[in-house]
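**Q** The primary structure of each chain is shown beneath.
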Amino acid sequence: MNVRRALPVALPPAALWKLLWDVPRIVGCVPGCVEAREVEPHRRYTAQMSQRVGPISLSLPLDVSVTGAEPDCRLALLARGRDPVIGAEIAMQVILVIEAQGEASVLHVEAEGRVLGKLGALGHGIIQRKAEEAVDEFGARLQRAAAG
Amino acid sequence: MLRPFALYRPTTLPELGDLLAEHGSDAAIYAGGTELLLLLKEGMIRVRCLIDVKRVAGLDAIASDDGAITIGATARHRAVERSVLLRERCPLLAGVAAHVANVRVRHVGTVGGNLAFADPHSDLATICLAYDGVVSLWSYAGERQVPLTEFVLGAYETARREDEIMTSVRLRPWPRGTAGAYLKFGVYERPTLGVALAVTMSSAGQVSEARLAVGCVGPRPLRLPDVEQEMIGATAEDLGDAAKPLADAAAEAAETLADLHGSADYKREMTRVFVRRAVAVVAARAAGRDLHERYPHTVVV
Amino acid sequence: MSDTRTPSSCSLAFTVNGRAVTLEVPAHVLLLDVLRERLGLKGAKRSCDMQVCGACTVLVDGSPVSSCTYLAVEADGADILTVEGLGHGDTLDPLQEAFIEHGAVQCGFCTSGMLMSARALLAEDPAPTRERVAHYLRGNLCRCTGYTKVIDAIVACGRPQEART
Numbered sequence: 001m002n003v004r005r006a007l008p009v010a011l012p013p014a015a016l017w018k019l020l021w022d023v024p025r026i027v028g029c030v031p032g033c034v035e036a037r038e039v040e041p042h043r044r045y046t047a048q049m050s051q052r053v054g055p056i057s058l059s060l061p062l063d064v065s066v067t068g069a070e071p072d073c074r075l076a077l078l079a080r081g082r083d084p085v086i087g088a089e090i091a092m093q094v095i096l097v098i099e100a101q102g103e104a105s106v107l108h109v110e111a112e113g114r115v116l117g118k119l120g121a122l123g124h125g126i127i128q129r130k131a132e133e134a135v136d137e138f139g140a141r142l143q144r145a146a147a148g
Numbered sequence: 001m002l003r004p005f006a007l008y009r010p011t012t013l014p015e016l017g018d019l020l021a022e023h024g025s026d027a028a029i030y031a032g033g034t035e036l037l038l039l040l041k042e043g044m045i046r047v048r049c050l051i052d053v054k055r056v057a058g059l060d061a062i063a064s065d066d067g068a069i070t071i072g073a074t075a076r077h078r079a080v081e082r083s084v085l086l087r088e089r090c091p092l093l094a095g096v097a098a099h100v101a102n103v104r105v106r107h108v109g110t111v112g113g114n115l116a117f118a119d120p121h122s123d124l125a126t127i128c129l130a131y132d133g134v135v136s137l138w139s140y141a142g143e144r145q146v147p148l149t150e151f152v153l154g155a156y157e158t159a160r161r162e163d164e165i166m167t168s169v170r171l172r173p174w175p176r177g178t179a180g181a182y183l184k185f186g187v188y189e190r191p192t193l194g195v196a197l198a199v200t201m202s203s204a205g206q207v208s209e210a211r212l213a214v215g216c217v218g219p220r221p222l223r224l225p226d227v228e229q230e231m232i233g234a235t236a237e238d239l240g241d242a243a244k245p246l247a248d249a250a251a252e253a254a255e256t257l258a259d260l261h262g263s264a265d266y267k268r269e270m271t272r273v274f275v276r277r278a279v280a281v282v283a284a285r286a287a288g289r290d291l292h293e294r295y296p297h298t299v300v301v
Numbered sequence: 001m002s003d004t005r006t007p008s009s010c011s012l013a014f015t016v017n018g019r020a021v022t023l024e025v026p027a028h029v030l031l032l033d034v035l036r037e038r039l040g041l042k043g044a045k046r047s048c049d050m051q052v053c054g055a056c057t058v059l060v061d062g063s064p065v066s067s068c069t070y071l072a073v074e075a076d077g078a079d080i081l082t083v084e085g086l087g088h089g090d091t092l093d094p095l096q097e098a099f100i101e102h103g104a105v106q107c108g109f110c111t112s113g114m115l116m117s118a119r120a121l122l123a124e125d126p127a128p129t130r131e132r133v134a135h136y137l138r139g140n141l142c143r144c145t146g147y148t149k150v151i152d153a154i155v156a157c158g159r160p161q162e163a164r165t
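Residue numbers (this note's numbering), protein chains in the order written: chain A, 1 to 148; chain B, 1 to 301; chain C, 1 to 165.
Pulled out of the complex, with its shape left as it was, chain A reads as follows:
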């Protein structure tokens, strides 16, 4: 799936950059994501991801590695995980680019990934839609986190 969004955030770039590295707060913004842990500062993190499509529940440990970081500007992540119960695998690349806009910022999100295994049977269309909903929800929560 491939999702691109431009999310307005009421924070200047430096403050937004700091927020992005506040792992517990950022994990709280990702729908279905809980228990983020730092494995290697600024390099590797783990989280537990839960999602639901109708009667099918997905729960998997995510391995997140930072593949690129330019302060106040760009963050690239690789997230991978496997749900052994339903045999589904997720592999995603997420690129976050901060664009200054006056006193605030626009966070450009580009998430590209694959869902493999049985969940793929749901079809690309539904998975794409779920991914879009997740990114939109992330944006809404991020805006609230930035304000509060």
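Worth flagging that the hints you see were computed from the coordinates, not collected in a lab.
Some hints could be false.
To be verified - Within a straight-line C-alpha distance of at most 30 Å, the following computed DSBU-like cross-link-like pairs (lysine-lysine) qualify: (1) 42(C) to 149(C); (2) 41(B) to 42(C); (3) 41(B) to 54(B); (4) 118(A) to 41(B).
Once you have looked at the hints, place chains B and C on chain A.
**A** This is chains B and C only, laid out in the frame that chain A set:
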């Protein structure tokens, strides 16, 4: 082989409510099992127990109630197909039920199971939309009625809460002078597209009410009220002449999603093709004729 | 009647091809497995395993079901008919005779399912039209015959009853 589970068979709704409260997401509601058992076989879901609802009295009743028709959640597709009451009052629904899946699924699968599972590639929700279906949901907190348009939220997603069970769907039969058709298209086991169209003709021979529902091509079936509006006031002949612009409008309004049945564009195009055909069939029926057209890989009800 | 005191295991009492059977069966066991493994009735086949192809078709109280996607516990108190129950001893059922006569069998894998569906259809509609047969058997897939001779056989089976009335 399925993973082991316990099987409970409540005979009343409160008993069912107790079981749901006790087991929560470790339980699955089980009626015909034609979708549930497949999910269990595939390992897509895991449960500790099944709650068989077929022994709850009255849950399979098909009855007339104050002008409306109520179909109980555990009524089998076969019962819908053969119901004298439905053939008389909702003939297109009975007709569509005769073409759901295959004869074995029709004997075992239930209306409630079908609607609550909300597989986009199915016929029942689409045709029930054309009958202004309203779903009844029961829980300990009480009963509530949810129009089908608000009940089906997306692919495999409904407004049913985990502590609720769907007990019935209520339909508004069409008045006399309504001509309708259901066109079902596809080469696979499940339909690729379903179009339900019904127009009520006034005594002056003009469309006074129109119902157009398109299903299978998107995450959920939809009524197309803007296109319905364009049919109002038309004579049967006008309707036939307007097949192409109505089809174009429907293709524009439809929500399509790519999957193994085809791309979003392909489904949009098929919506155009089949709404045009549905209008032609219904216009002919409204004029007292029948087109008897045969379209490839299509069932015309 | 079934004993559901231990909700994961059930006592079943039913008839299979006219013969009374009692079994203790876990709730999660599928009818196809009971028929094939517990009762040695191998006529019904596991093919698609998702109720699409019809090779596992058996009749439960006259209704055709996909035994691969049907819990055995649902058979409690019911009359089950499998292909082994067609005909008596060395005498084949008229349907089976018709299938042979019309060349409606090649590899034979779909045949038991075809016969059971046909049997259910003829019980409901003794003289079905070709179209009716084709519709009723739409859920029974065959990779060999091309279906025409299967329909021929079933329609031919229907006619004598028509002549009777």
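**Q** Just pull the numbers of the violated hints for me, sorted ascending.
**A** Every hint satisfied by this model.
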